[in-house]
Amino acid sequence: MSVEATAELDRARIAELTEREQRRLDETTRGSRAMFERARRALSGGVASAYQERDPWPIYLERGSGSRVWDVDGTERVDFHNAFGSMPQGHAHPAITRAVERRLALGTQFAAPTEDAVVVAEELKRRWGLPRWRFVNSGSEATMDAIRIARAQTGRDTIVKIFGSYHGHHDYVMVSIGVPYEQIGDREDYASLPYGGGIPQSVADLTVPVPFNDAGAMERRIERLIDEGRPPACVIMEPAMMNLGVVLPEPGYLEAVRELTRRLGVLLIFDEVKTGLCIAAGGATERFGVEPDLVTLAKALGGGLPTGAIGGTEAAFEVVESGGVYQVGTFNGNPLAMAAARASLEEVLTPEGYRVLEAREEQLLLACQEVIDRYGLPGYAVGIGAKGCVTFSPERIVDYESFKAHQDKELADLSWLYNMNRGIYMTPGREEEWTLTVAHSPEDCDRFVAAFEEMASDLTA
Numbered sequence: 371m372s373v374e375a376t377a378e379l380d381r382a383r384i385a386e387l388t389e390r391e392q393r394r395l396d397e398t399t400r401g402s403r404a405m406f407e408r409a410r411r412a413l414s415g416g417v418a419s420a421y422q423e424r425d426p427w428p429i430y431l432e433r434g435s436g437s438r439v440w441d442v443d444g445t446e447r448v449d450f451h452n453a454f455g456s457m458p459q460g461h462a463h464p465a466i467t468r469a470v471e472r473r474l475a476l477g478t479q480f481a482a483p484t485e486d487a488v489v490v491a492e493e494l495k496r497r498w499g500l501p502r503w504r505f506v507n508s509g510s511e512a513t514m515d516a517i518r519i520a521r522a523q524t525g526r527d528t529i530v531k532i533f534g535s536y537h538g539h540h541d542y543v544m545v546s547i548g549v550p551y552e553q554i555g556d557r558e559d560y561a562s563l564p565y566g567g568g569i570p571q572s573v574a575d576l577t578v579p580v581p582f583n584d585a586g587a588m589e590r591r592i593e594r595l596i597d598e599g600r601p602p603a604c605v606i607m608e609p610a611m612m613n614l615g616v617v618l619p620e621p622g623y624l625e626a627v628r629e630l631t632r633r634l635g636v637l638l639i640f641d642e643v644k645t646g647l648c649i650a651a652g653g654a655t656e657r658f659g660v661e662p663d664l665v666t667l668a669k670a671l672g673g674g675l676p677t678g679a680i681g682g683t684e685a686a687f688e689v690v691e692s693g694g695v696y697q698v699g700t701f702n703g704n705p706l707a708m709a710a711a712r713a714s715l716e717e718v719l720t721p722e723g724y725r726v727l728e729a730r731e732e733q734l735l736l737a738c739q740e741v742i743d744r745y746g747l748p749g750y751a752v753g754i755g756a757k758g759c760v761t762f763s764p765e766r767i768v769d770y771e772s773f774k775a776h777q778d779k780e781l782a783d784l785s786w787l788y789n790m791n792r793g794i795y796m797t798p799g800r801e802e803e804w805t806l807t808v809a810h811s812p813e814d815c816d817r818f819v820a821a822f823e824e825m826a827s828d829l830t831a
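Numbering (my numbering), first residue to last: 371 to 831.
Quick caveat, the hints were computed from the structure, so don't treat them as lab data. Be a bit skeptical, because a hint or two may be false.
Pairs of lysine to aspartate or glutamate residues, derived as EDC-like cross-links and limited to a Cα-Cα distance of at most 16 Å, are as follows [claimed, not checked]:
hint: 1; residue 1: Lys-774; residue 2: Glu-552
hint: 2; residue 1: Lys-495; residue 2: Asp-597
hint: 3; residue 1: Lys-774; residue 2: Glu-598
hint: 4; residue 1: Lys-774; residue 2: Glu-801
Quick list of simulated restraints, FRET-style, between CB atoms [unchecked claim]:
hint: 5; residue 1: Val-573; residue 2: Glu-691; range: 49 to 57 Å
hint: 6; residue 1: Gly-635; residue 2: Val-698; range: 42 to 50 Å
hint: 7; residue 1: Arg-383; residue 2: Ala-775; range: 43 to 51 Å
hint: 8; residue 1: Leu-413; residue 2: Asp-559; range: 16 to 24 Å
hint: 9; residue 1: Gln-571; residue 2: Lys-779; range: 50 to 58 Å
Computed from a predicted structure; not experimentally measured. Positions of the beta carbon are idealized from the N, C-alpha and C atoms, including for glycine.
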């Protein structure tokens, strides 16, 4: 990892290249433009989710297979986006496709338990070492239910979260995510700011943000909350931040958080919607060796179908077992999703699958860092498991505050355009990371690095 840039980047050159690359992308996505004109007459903004929006129009996809996707213009790209990290299995994996096809003929929805759900829960219990599990249909539902369980178990209302982390779209966690740098507030007393409209300030005030990688600041804030008569029910956090590219925990940080939450009687929730099954068989819980009271999963769990899960200790789940918390959902444990999840766990995300992911990750990180060092770019390559990114910053990012202070928006946007125009499908937005799949080949990674090097060369020529 390096952040010692030697090249002084010309902002006018960045703007010139951005204009050129934007023109090129617009010219080659006319089918998406036509689809957007049609879609916007029925779909709000022409998309199914605000995170799919893009100016001047989104890129509409038609199909995917293995490590590749094709858009409506017929352009083939190697996919490093993978549905916001939902697809480390790759697209249309034969094992998952077979399992879903078999299940289709047997019935797709009962609102009743099936054997596949039992098998998936047993495997998650084995991988995470947590004895109790329930299913939901998304990451948002998982974090919403985990917080409700923590509140019922402790009899408290306040929750603590990491400033800048995204935990789904329900009101209690749509707080202090993406805000202007000057609105963050004092590090010891960050502001509780609703993320978008429709979230009452009274609800946002129940969610108290603290910085990542600073166990001391978290402890001091929790102690003040206790003194104020509003002790928190839980701390909900990503063990590795995946909403600012990739921000890894500093050595000893997660262990310190685990110790202080246990000592202060606060439940610890690891939101593993992005890390779970992507960075290790047992997610961040296995990778870092720190066990939370509750863990939330989604995205990669369903192998391409919408599902999620909550795991926890016997003590945390007591309120669910006793019926004190109604953890419900008509589609929880949907047979199609459970069949896909079972096939993924048993046949795809296996020890061999993780060896492939680790090898591709090492290849990408080393090659990208070599390009950064050779051309003197301001930034560094960072990643873990199937996740990684190039962070364009003159200093190492350790939390949201350092991210907002040092991120290079223009360079990140230009990088996305270079990727898209050279056969690399990446997530729009400067805050996202790549997600590798078991289907990615060394040549796929070489193609990613080649696009990155071309940009580096053009910038410094």
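Results for each hint:
1. With a C-alpha separation of about 9 Å, the suggested pair Lys-774 and Glu-552 falls inside the 16 Å cut-off, and the hint holds.
2. Note on Lys-495 and Asp-597: the hinted pairing is violated, with a Cα-Cα distance of about 37 Å set against a maximum of 16 Å.
3. The straight-line distance between the Cα atoms of Lys-774 and Glu-598 is roughly 30 Å, outside the 16 Å bound, and the hint therefore fails.
4. Pair hint Lys-774 plus Glu-801 holds up; C-alpha atoms about 11 Å apart against a cutoff of 16 Å.
5. Checked against the hint of 49 to 57 Å, the C-beta distance between Val-573 and Glu-691 comes to roughly 28 Å, which is inconsistent with it.
6. At roughly 28 Å, the beta carbons of Gly-635 and Val-698 sit outside the given window of 42 to 50 Å.
7. Range check, Arg-383 to Ala-775: about 24 Å between beta-carbon atoms, so the 43 to 51 Å window is missed.
8. Between Leu-413 and Asp-559, the C-beta spacing of about 41 Å breaks the proposed range 16 to 24 Å.
9. Hint check: Gln-571 to Lys-779, Cβ distance near 28 Å, so the stated range 50 to 58 Å is violated.
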